[in-house]
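S.K.: Single-letter residue listing:
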Amino acid sequence: MSDLTTEPIIKAQSPLSEAWSMFRRNHAAMAGLVVLIFIVLGAIFGPYLYPGQPFEMVWAPFSPPGVDGFILGTDYLGRDLLAQIIHGARVTLIIGLSAAIVTVVIGVTIGALAGFYRGIVEEALMRFTEFFQVLPTLLFSMVIVALFGASLPMITLAIGVVSWTAVARITRSEFLRIRELEYVMASRASGVSNAKLMFKVILPNALPPIIVQSALMVGSAILFEAGLSFLGLTDPNVISWGQIIGSNRQYILESSFMVTIPGLAIFITVLAISLVGDGLNDALNPKLRQR
Amino acid sequence: MEPLLKVENLRIELSTRAGVAPVIDDLSFELGHNESISFVGESGCGKSMTALAIMGLLPEGIGKVASGKIIFDGEDLTKASEARLRDLRGNDISMIFQEPMTSLNPVYTVGEQIAEVLREHQNLSKVAAHNAAIELLDAVRIPNPKGRVNDYPFQMSGGQRQRVMIAIALACKPKILIADEPTTALDVTVQAQIFDLLRDLRDQTGTSIIMITHDMGAVAEMAERMIVMYAGRKAEEGKVQQIIEHARHPYTKGLISCVPHIMADPAFEREELLEIPGIVPGLAEFGQDRCLFAARCNMVTDKCLGARPPEVSFDTGQNAACWRAEEV
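Protein sequences, first through last, are from chains A and B. Take the first sequence: its position 36, counted from the start at 1, is 36 in the numbering used here, and no numbers get skipped. Take the second sequence: its position 326, counted from the start at 1, is 326 in the numbering used here, and no numbers get skipped.
Heads up, some of the hints might be wrong.
Here are some, though not all, of the chain A residues that point toward chain B, as calculated from beta-carbon distances under 10 Å [said to hold, decoys possible]:
1. V121
2. Q133
3. E182
4. S187
5. A189
6. S193
7. V201
8. P204
9. L207
10. P209
No lab work stands behind these hints: they were computed from the structure. Every residue gets a Cβ at the ideal spot worked out from N, C-alpha and C, and that includes glycine.
Put together the whole structure using the sequences plus the hints.
M.R.: Next comes the structure, spelled out in structure tokens:
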């Protein structure tokens, strides 16, 4: 046996580095990632680099981009649009991210319980999920925000509560598949408790599609927030891209740049997130890996 | 001395769409301390179900112990709580599975998976469990255990993975190791190594082994006693050597004559390799009051079709459930 120990050990590629090399080959996803990193850095450091005040009137209203030293012009109250975009990025991204987290927490919990316990638990939870699925999402979230007030946490919660069903269904289907695999049986045979089976044995193996879905969820949560803000259901004390569009929407015909610019910001961000999500899907989905 | 494991008149029922079928029908056997027994039979004879019943892992909602007892160390496992069974599993009774390629969790390193069992059952600290995992990898003869302990299952070959499975199963020094066709998915040369390993580990730890297989060669190599199962019933039981010399049940006889012998001289005339005609009956036929092997048996009489044959004991220690056991 001792001669075997000196044999050079050929390391196979780990799943993570394999996924990364798949992702890197996807040019669209890489472009999306670069743009996304740029946007996130802008949201974090932008306010320090560009010390404009988003809520202060600094110049004559309706001045178009590039005129009078304001790169993106001013809005209907004469506020600096670039400062608004920079400050709005933080709120927009935070809402997108935290709504996606709410979605994942609710969806994974319900999907995991339904897929693991089967039987009556599954029936009840899946009917519950279907109930939420058929609710008109925008209307339902508007009701929540209208009832409980338009604060950031409430908006986040409203978005999360209406969009967790997809995650729940994906989680359940993965659990149904994985719970029958041999290593789950082997874990059972070594005396692992149900809670550990669910969250330490099955869940890590179910993660790839859940990660992809939640990445896309960030994008749709941003769109959702924009929709709510456009309808005026937003916290007037914080600035988000949707809110810039919403507050300027009366002047869309006279000064279209005031809604076009934040609209573009949302468009680029969501597109970048979608591209990254698609890239993750290709990289994490073993069935697509052979291509 | 009390046997370590005593199964008494075990009956396991499986609910299928067609109705309730007894996959295990009135099975009794004993397993002594430091003893190896082997369950033999074709696919679908209830070998794996017996193993799962001992582990308390019958398919939920489908299979259940209808009657009988499984007494382990004086405790009836059919009445034990789920929490108690969880304590026993992996600690006192362990199991290794058929498919080493898929029996390890792909997202954890092999070291972590071994350490996990130790932390769960023996309350070892993280560091102690990790070191114990390295020792166990060494014990199952994985070269360079210090380097391999942080490998993921996909970095190992089938034989190495089965060794890791054995390491996990033996981590807590269980009293019983159930091996469900542990070498079916492996190369012949690797099979021999795994058998060697299991034998050596048994000698070192004193673990009793229940091996499930359909490979007569494996039985001869691994076990002292064997139980031949057919359609959920015990067909024959006895010492391996005696059964191979003189089987008392036509089914056992058929199984033994199915095994080819390698001959040094190809010119030497070979005995014709026999097969057992037909297949194992479907679940719907299980539990009928007749000999279930009758349809495939070349010694069948009217009596075989009329009633289930009782077990006949021989002074060699053999037991056979056949009406014509004396004549076989």
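S.K.: Take the hints in turn and mark each one as holding or not.
M.R.: Now the hints, each set against the structure:
Interface restraint check for V121/A: the shortest CB-CB distance to chain B comes to about 12 Å, outside 10 Å, so the restraint is violated. Because the smallest distance between the Cβ of Q133/A and any Cβ of chain B comes to about 27 Å, over 10 Å, the interface hint for this residue is violated. This hint holds: E182/A has a C-beta 4 Å from the nearest C-beta of chain B, less than the 10 Å allowed. This hint holds: S187/A has a C-beta 7 Å from the nearest C-beta of chain B, less than the 10 Å allowed.
About 4 Å separates the beta-carbon of A189/A from the nearest beta-carbon of chain B, less than 10 Å, and the hint is met. At a threshold of 10 Å, the smallest CB-CB gap from S193/A to chain B is about 6 Å, leaving the interface hint in force. Interface hint status for V201/A: upheld, as the beta-carbon distance to the closest one in chain B is roughly 6 Å, under 10 Å. Hint status for P204/A relative to chain B: holds, with the closest Cβ pair at about 4 Å, below 10 Å.
Here the hint on L207/A is kept, as its CB sits about 8 Å from the closest CB of chain B, short of 10 Å. Interface hint at P209/A: violated, since its Cβ lies 14 Å from the closest Cβ of chain B, which is beyond the 10 Å cut-off.
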